[in-house]
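*Asks:* Now for the letters of each chain:
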Amino acid sequence: MPEHLGRTLSAMADAGIDALILGRDGNARFVSGADRLSLTGTRAFAPGCVVVRSTGKVHLMSTTDDGIPADIAHEQLYDMSWNPMTIAGNVAAIPGLADARTIGVDGMTPMMETILGGVLPGAELVDGETFLREVRRPKSAGDLDGIRNAVAVAEACLATVVAAVAPGITERELLGKFEARMGQLGVTTPAFEAATCVAGTTPRAIVTDRALRTGDLVHLRGGVLVEGWEGVLARTRAVDGATGPQGAAGERASAALGEAVAACRPGEVIAELRARPEVTALEGVGLGHEELADDDALRAADVVYVEVFVDQVLLGDVVHVTDAGPEILTTSPLDVA
Amino acid sequence: MTLTFDSTLDLERMRRERHARLVASMHEDGIDALLLLGQGNIAYATGLRVPASDQNLAIHRRPVALVTVDGAAPHVWTWYPEGLPAELPADHAHDGLRLEFADGARTLASFVTDVCPAGTLAVDELTMPLHAAFAGRALMDPSVCLGRAKLQKTSDELECIRRAQRINEVAIEDVKAMVRPGVRGTELTGRLLERIFELGASANTVDPIWQAMPASIADGPFTMTGDIIFPLVTTPRPFEQGDVIWVDNGISYQGYQSDYGHTWIVGGEPDAVKKDQCARYRAVIRAVVDAMRPGVTARDLTRIAKGVEAGKRTPWLKHFYLAHGTGTESAEAPFVGTDLGDEFDETQVLAPGNVLVLEPVIWDDGQSGFRAEDIVAVTEDGAEMLSSLTYEDYS
Numbered sequence: 001m002p003e004h005l006g007r008t009l010s011a012m013a014d015a016g017i018d019a020l021i022l023g024r025d026g027n028a029r030f031v032s033g034a035d036r037l038s039l040t041g042t043r044a045f046a047p048g049c050v051v052v053r054s055t056g057k058v059h060l061m062s063t064t065d066d067g068i069p070a071d072i073a074h075e076q077l078y079d080m081s082w083n084p085m086t087i088a089g090n091v092a093a094i095p096g097l098a099d100a101r102t103i104g105v106d107g108m109t110p111m112m113e114t115i116l117g118g119v120l121p122g123a124e125l126v127d128g129e130t131f132l133r134e135v136r137r138p139k140s141a142g143d144l145d146g147i148r149n150a151v152a153v154a155e156a157c158l159a160t161v162v163a164a165v166a167p168g169i170t171e172r173e174l175l176g177k178f179e180a181r182m183g184q185l186g187v188t189t190p191a192f193e194a195a196t197c198v199a200g201t202t203p204r205a206i207v208t209d210r211a212l213r214t215g216d217l218v219h220l221r222g223g224v225l226v227e228g229w230e231g232v233l234a235r236t237r238a239v240d241g242a243t244g245p246q247g248a249a250g251e252r253a254s255a256a257l258g259e260a261v262a263a264c265r266p267g268e269v270i271a272e273l274r275a276r277p278e279v280t281a282l283e284g285v286g287l288g289h290e291e292l293a294d295d296d297a298l299r300a301a302d303v304v305y306v307e308v309f310v311d312q313v314l315l316g317d318v319v320h321v322t323d324a325g326p327e328i329l330t331t332s333p334l335d336v337a
Numbered sequence: 338m339t340l341t342f343d344s345t346l347d348l349e350r351m352r353r354e355r356h357a358r359l360v361a362s363m364h365e366d367g368i369d370a371l372l373l374l375g376q377g378n379i380a381y382a383t384g385l386r387v388p389a390s391d392q393n394l395a396i397h398r399r400p401v402a403l404v405t406v407d408g409a410a411p412h413v414w415t416w417y418p419e420g421l422p423a424e425l426p427a428d429h430a431h432d433g434l435r436l437e438f439a440d441g442a443r444t445l446a447s448f449v450t451d452v453c454p455a456g457t458l459a460v461d462e463l464t465m466p467l468h469a470a471f472a473g474r475a476l477m478d479p480s481v482c483l484g485r486a487k488l489q490k491t492s493d494e495l496e497c498i499r500r501a502q503r504i505n506e507v508a509i510e511d512v513k514a515m516v517r518p519g520v521r522g523t524e525l526t527g528r529l530l531e532r533i534f535e536l537g538a539s540a541n542t543v544d545p546i547w548q549a550m551p552a553s554i555a556d557g558p559f560t561m562t563g564d565i566i567f568p569l570v571t572t573p574r575p576f577e578q579g580d581v582i583w584v585d586n587g588i589s590y591q592g593y594q595s596d597y598g599h600t601w602i603v604g605g606e607p608d609a610v611k612k613d614q615c616a617r618y619r620a621v622i623r624a625v626v627d628a629m630r631p632g633v634t635a636r637d638l639t640r641i642a643k644g645v646e647a648g649k650r651t652p653w654l655k656h657f658y659l660a661h662g663t664g665t666e667s668a669e670a671p672f673v674g675t676d677l678g679d680e681f682d683e684t685q686v687l688a689p690g691n692v693l694v695l696e697p698v699i700w701d702d703g704q705s706g707f708r709a710e711d712i713v714a715v716t717e718d719g720a721e722m723l724s725s726l727t728y729e730d731y732s
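One line per chain: the protein sequences are A and B, in this order.
The working numbering puts the first residue of the first sequence at 1, with every later residue one more than the last.
The working numbering puts the first residue of the second sequence at 338, with every later residue one more than the last.
Please note that the accuracy of each hint is not assured.
[To be verified] Stretches of chain A that chain B covers, calculated by requiring three or more beta carbons in the stretch to come under 8 Å of a beta carbon on chain B: (1) 8-21; (2) 133-146; (3) 172-181; (4) 190-199; (5) 304-311.
[Stated by the list, open to error] Chain A is faced by these chain B residues, among others (derived, beta-carbon under 8 Å): (6) 374; (7) 535; (8) 540; (9) 675.
[Unchecked claim] For each label pair, taking beta carbons as the anchor points, the in silico distance ranges come out as: (10) A:208 with B:726: 45 to 53 Å; (11) A:333 with B:454: 31 to 39 Å; (12) B:649 with A:67: 25 to 33 Å; (13) B:570 with A:208: 27 to 35 Å; (14) B:563 with A:268: 49 to 57 Å; (15) A:70 with B:518: 41 to 49 Å; (16) A:163 with B:447: 43 to 51 Å; (17) A:202 with B:511: 29 to 37 Å.
What the hints contain is simulated information worked out from the structure, not anything from laboratory work.
A virtual CB, placed ideally from N, CA and C, is assigned to each residue, including glycine.
Construct the entire structure; sequences and hints are all you get.
*Replies:* What follows is the structure, given as structure tokens:
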């Protein structure tokens, strides 16, 4: 049995959860390993993946086995439908689900709650997202390989953007360079659309038609998903060579990133790390973005994205938290020029 | 260079008119407050822009909107303030919330309760902590309310769809020029994404599809439905001479979706069979578009499409549809020819401003098939094409 599913089933037993009904891609990929068509943005909850503890099996809504790991038999696939009642019926027919008393779900809609309540009477729906967040959190050696690979792809894409930084090119054209390189490297799924934005008082995430000018600083923040794993980084470049003050700002930002990374040790409280004045992001990295709670503390085997913003310079690295100290997985140079 | 358009588009008017439609629809259903967590719904209700991102990030950096039936400006919570519409009052713009945790969920629930203490509250979707924070309060499903408002597009909405589609079509010209044996679908994706952003797209919304189709269903991957399997995720597999590639991609412009479909032959010209398949596709499109006008039902359209291909297989994919609507969601109502069945289709009556993406499929098992997509708006007395390809002789 794949390691992630085994870990999930064992945690379900500990938590008294009999089944999971999942709508989110990251959760479904974690328990099943399935590679399904990626759509951007939020989607309302729909039961796309089911885990039953009593049988130890994972079931997926799919019309084919393409992208579905070989250990998932055809009997474990159920058909899609435009009729939510039909989907609910297909789900309810999954062996063992009718006996489940406590079912974890990773989201809900008022309509789906009514429908699921009808086909699975007596089952209590509990928070499966919080449950799975904990299960997904520690990264195995294999998980780390996936993240390292994704970070390398993101860095290669960003290097292409860095090389294209010049007066006259627009923010949206730089974004295009990132994605073109990604495709050349055989990857088609950005983690988010790269934020290649001229620096201002706060970092922006939506590109504009603005053309770069000599003397600008430009933020280059990009991420990719490779086989589901996320790689992300942020760098800042001066257009047409850094001025003295820009170079100095770059050095201050680089030092601040170093300090923020050094603080990423087991036991450090997330809210306190986020409260550092220069820190703009401290988030989990895994099968895409993974959320960390403010009141939680870092643990060994966490992988996090740490980002700082100092004097208009934005820098971010992926860091593996270990008992021996932080291991930086990003290797791209930090300088602004 | 971004693509320029001569046509008129007034985004502020579009937002105002959509909000008015939504409020009217809330009145009709007796909804006092409408809480929205779905990105497409929020884009519709408020005009908020957020950067496109993979679902894992999108759910954790989701915006929220609260629309009230009194017609006041909506409240908006976002992580990306640069995407707020200019006219939104400053005290209606709020910082993004972490709705997967109890604190963020309680903050939102308590705000909503202050605004709407006892009236009818509708919510499109819930995180589980938000579900807990609303425990004990009846929550209505707003699907009908949202669908009613979105169904008939304003002139500005139609213009957004037209522009999204135009950007997509222009971008694809460069991609099509790359197609030859040995090229990989992933490379085409890279070029397409580069080009759409150069041309002014707001976002890419689906992992682009360039699927090599088998000659017959039995040659393809396992199928649950016994039907053609489409779409499949793009891989780095190199194209081969003679591959029949079904193309499907979608980008957005100001929140509105395009939907591009076509069939390409790698390294060669279509033979007589393939040209015939293309001609039959065009015949289905022609017949359906000719029939489209207010008052016609979805059932009428499926009957007409089947009539053109009489005696042959149903000319669309069994697990999809003959047509779907589009707007701030890539597939939204009206749906035509789904497994909801003929009786449902009978109740779907076309009205001015409806938009349909027609995606008939012509398949001759053993000879592969032709699939493309045409976007059509219903007008006061007929239909208007929003996409501009004619596919004449497979072009």
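*Asks:* With a cut-off of 8 Å between beta carbons, are at least three residues of the stretch 304-311 of chain A near chain B?
*Replies:* violated (count 0)
*Asks:* Taking the Cβ atom of residue 649 of chain B and the Cβ atom of residue 67 of chain A, is their distance within the range 25 to 33 Å?
*Replies:* 30 Å, holds
*Asks:* Closer than 8 Å between Cβ atoms is the bar; does residue 374 of chain B clear it against chain A? Give me holds or violated.
*Replies:* 7 Å, holds
*Asks:* Holds or violated: the 45 to 53 Å window for the beta-carbon distance between residue 208 of chain A and residue 726 of chain B?
*Replies:* At 30 Å between Cβs, range violated.
*Asks:* Using the Cβ atoms, figure out if residue 202 of chain A sits within 29 to 37 Å of residue 511 of chain B.
*Replies:* Given a distance of about 35 Å, which is inside 29 to 37 Å, the answer is holds.
*Asks:* With a cut-off of 8 Å, does the beta carbon of residue 540 of chain B approach a beta carbon of chain A closely enough for the hint to hold?
*Replies:* Holds. Min distance 6 Å.
*Asks:* Establish whether the coverage given for the stretch 133-146 of chain A by chain B is satisfied; the threshold is a Cβ-Cβ distance below 8 Å, and no fewer than three residues must meet it.
*Replies:* violated (count 1)
*Asks:* With 8 Å as the cut and Cβ atoms as the points, is residue 535 of chain B at the interface with chain A?
*Replies:* 5 Å, holds
*Asks:* Quick check: does the Cβ-Cβ distance between residue 70 of chain A and residue 518 of chain B fall within 41 to 49 Å?
*Replies:* Violated - the Cβ-Cβ distance for residue 70 of chain A and residue 518 of chain B, about 29 Å, lies outside 41 to 49 Å.
*Asks:* Can you tell me if the stretch 190-199 of chain A counts as covered by chain B, using C-beta to C-beta distances under 8 Å and a minimum of three residues?
*Replies:* holds (count 5)
*Asks:* At a Cβ distance under 8 Å, does chain B reach at least three residues of the stretch 172-181 of chain A?
*Replies:* Check passed, 8 qualifying residues.
*Asks:* Does 43 to 51 Å hold as the CB distance between residue 163 of chain A and residue 447 of chain B, or does it fail?
*Replies:* Holds, at about 50 Å.
Comparing the model with each numbered hint stated earlier shows that hints 1, 2, 5, 10, 11 and 15 do not hold.
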